[in-house]
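There are 2 protein chains.
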Amino acid sequence: MQKDRTPEEWRLDFRSGTVRPTTGIAGGYAQANLLIVTREYALDFASFCQRNPKPCPVLEMGSVGDPYTKLVADCADIRTDIPGYWVYCDGVLVDRVRDIESIWNDDLVWFLLGCSFGFEEALMANGVPVRHIQNKLNCPMYISNIDCLPSGPFCGKMVVSMRAIPGSLVARATVVTSRYSLSHGAPIWIGDPDGLGIEDLSSPDFGDAPVIEAGDVPVFWACGVTAQQVASNAKLPFSIGHAPGHMFITDIPNEQLALGRI
Amino acid sequence: MQKDRTPEEWRLDFRSGTVRPTTGIAGGYAQANLLIVTREYALDFASFCQRNPKPCPVLEMGSVGDPYTKLVADCADIRTDIPGYWVYCDGVLVDRVRDIESIWNDDLVWFLLGCSFGFEEALMANGVPVRHIQNKLNCPMYISNIDCLPSGPFCGKMVVSMRAIPGSLVARATVVTSRYSLSHGAPIWIGDPDGLGIEDLSSPDFGDAPVIEAGDVPVFWACGVTAQQVASNAKLPFSIGHAPGHMFITDIPNEQLALGRI
Chain A
8 MQKDRTPEEW RLDFRSGTVR PTTGIAGGYA QANLLIVTRE YALDFASFCQ RNPKPCPVLE
68 MGSVGDPYTK LVADCADIRT DIPGYWVYCD GVLVDRVRDI ESIWNDDLVW FLLGCSFGFE
128 EALMANGVPV RHIQNKLNCP MYISNIDCLP SGPFCGKMVV SMRAIPGSLV ARATVVTSRY
188 SLSHGAPIWI GDPDGLGIED LSSPDFGDAP VIEAGDVPVF WACGVTAQQV ASNAKLPFSI
248 GHAPGHMFIT DIPNEQLALG RI
Chain B
8 MQKDRTPEEW RLDFRSGTVR PTTGIAGGYA QANLLIVTRE YALDFASFCQ RNPKPCPVLE
68 MGSVGDPYTK LVADCADIRT DIPGYWVYCD GVLVDRVRDI ESIWNDDLVW FLLGCSFGFE
128 EALMANGVPV RHIQNKLNCP MYISNIDCLP SGPFCGKMVV SMRAIPGSLV ARATVVTSRY
188 SLSHGAPIWI GDPDGLGIED LSSPDFGDAP VIEAGDVPVF WACGVTAQQV ASNAKLPFSI
248 GHAPGHMFIT DIPNEQLALG RI
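These protein sequence lines are chains A and B, in that order.
Per this note's numbering, the first sequence starts with residue 8, numbered consecutively.
Per this note's numbering, the second sequence starts with residue 8, numbered consecutively.
Chain A with its partners taken away, still in its complex shape (with noise of 0.2 angstroms):
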């Protein structure tokens, strides 16, 4: 196995052409998904955004067509140094590449917002089993019945994650996680599924079927997917969001952003 890196290592070493997805590396460091919208769409986004922080809790955003980051790291450069991106016209995915140096202008604007893996990070970390890492496959995913609060063209349902966890540590989890404000937070909603429209547990939207065992309750939380599905709703004429799976690893550790904005 590969010795870990430092985050700016893992940027420099994408910067420099890896492809590789992001998960379990760089432990420790809080990871970001991207979306990148154009000047006229900017302001709504951050509203939207500010308008539903927990599927969207922005870590950094960055000003009109400056492409360095200076929160989350030192002089990152957003076109760069993700391991992949994904362009999208009128909302439909029409291009997947390595980098975005030849299609970055003066018009657009980078948000990254923070991810579930640093509180699931911090459940291990309490005892909290993750029943998908436990079992090597992704978080299963829902489109819910909650509508995000919209702004401008961004609107739709919340897509939620759902961790089945022994009910004897279903406090636990909830006051854990609840300290990680951008990373999702606590739970939007514990127990039937009903309670979100979802029919069936075992067919999530997106991600693989859950593993639930005898005596675990299933617990929700808000999902970054969201800002996906609200801008694909959007129908923008032009946006960038990360590849799945290859998210921007910042230089904050997770512990320290458990602090929020403390």
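None of these hints come from the bench; they were simulated from the model.
Don't take every hint at face value.
Because identical chains cannot be distinguished in the list, a pair is counted as satisfied if it fits within a single copy or across any two copies.
Unchecked claim - Straight-line Cα separation of at most 27 angstroms, DSSO-like style, residue types lysine-lysine; simulated pairs:
# : residue 1 : residue 2
1 : K77       : K143
2 : K242      : K143
3 : K164      : K77
4 : K164      : K242
5 : K242      : K77
All of these numbers come straight from a predicted model, not from anything done at the bench.
Using the hints provided, position chain B relative to the given structure of chain A.
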């Protein structure tokens, strides 16, 4: 003494023409600072708040041209429901008005930012004395040596508020306020004012001189006046703020705000 009213009753009272400071009324409910900018500067200001969440925690922002709140109150009118507005041109105060119905237009975007009233209530409820309230004074505020992270034309030093707290209660004050991340959160500095570049604690830049008792430690929090200062520094062609002390009263109980993004 007048019986207290609900937040909505107070807002309707202001809408009908009443002018008065909001200090000490609608107890238990969060109040908010107002800043209104033109569309041209709204994205940069949203980004400024994202980069400086401790002085500038956004409770809600409007869509371009839409004067009605959705999160902090159901359909409050940002143009009339605050008991006093100050209007600025090129960063200079040019008018003080009761409402802004006649100057509102489709190019404006409003921001409501959390204020410190909420955490002061929590401090007192937790047995931490708040000296300026005990002495019926304004809180002392200072321009610190901390540079805010800039965004577009918005830049400047962070304004901090100071509360002198008995040494035995500083830890409690820290933990209690850390829960209120949308009300400036935990202190940004505890102890020697020199570290913030404050030469004379007895001469604040805003508010009244502090009351400090034997055994007290100066404890500093990020302050919402920062937003007004950077807006003034930016010399925006046009902007509007609340009249000092004349805040927006939200429908959100401070305790619920304590949950922040949970």
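The hints, checked one at a time:
Proximity of K77 to K143 under the C-alpha cut-off of 27 angstroms is found in neither arrangement, the shortest distances being 34 angstroms within a copy and 42 angstroms between copies. For the identical chains of this complex, K242 and K143 are neighbours neither inside a copy (34 angstroms) nor across copies (55 angstroms), given an alpha-carbon limit of 27 angstroms. In the homo-oligomer, the alpha carbons of K164 and K77 lie at most 27 angstroms apart only across protomers (18 angstroms), although the nearest pairing inside one protomer, at 31 angstroms, exceeds that limit. Taking identical chains as interchangeable, the C-alpha atoms of K164 and K242 lie at most 27 angstroms apart only when both belong to the same chain, with a minimum of 15 angstroms there against 40 angstroms between chains.
For a Cα distance limit of 27 angstroms, the shortest separation of K242 from K77 across copies, 25 angstroms, qualifies, whereas the shortest one inside one copy, 29 angstroms, does not.
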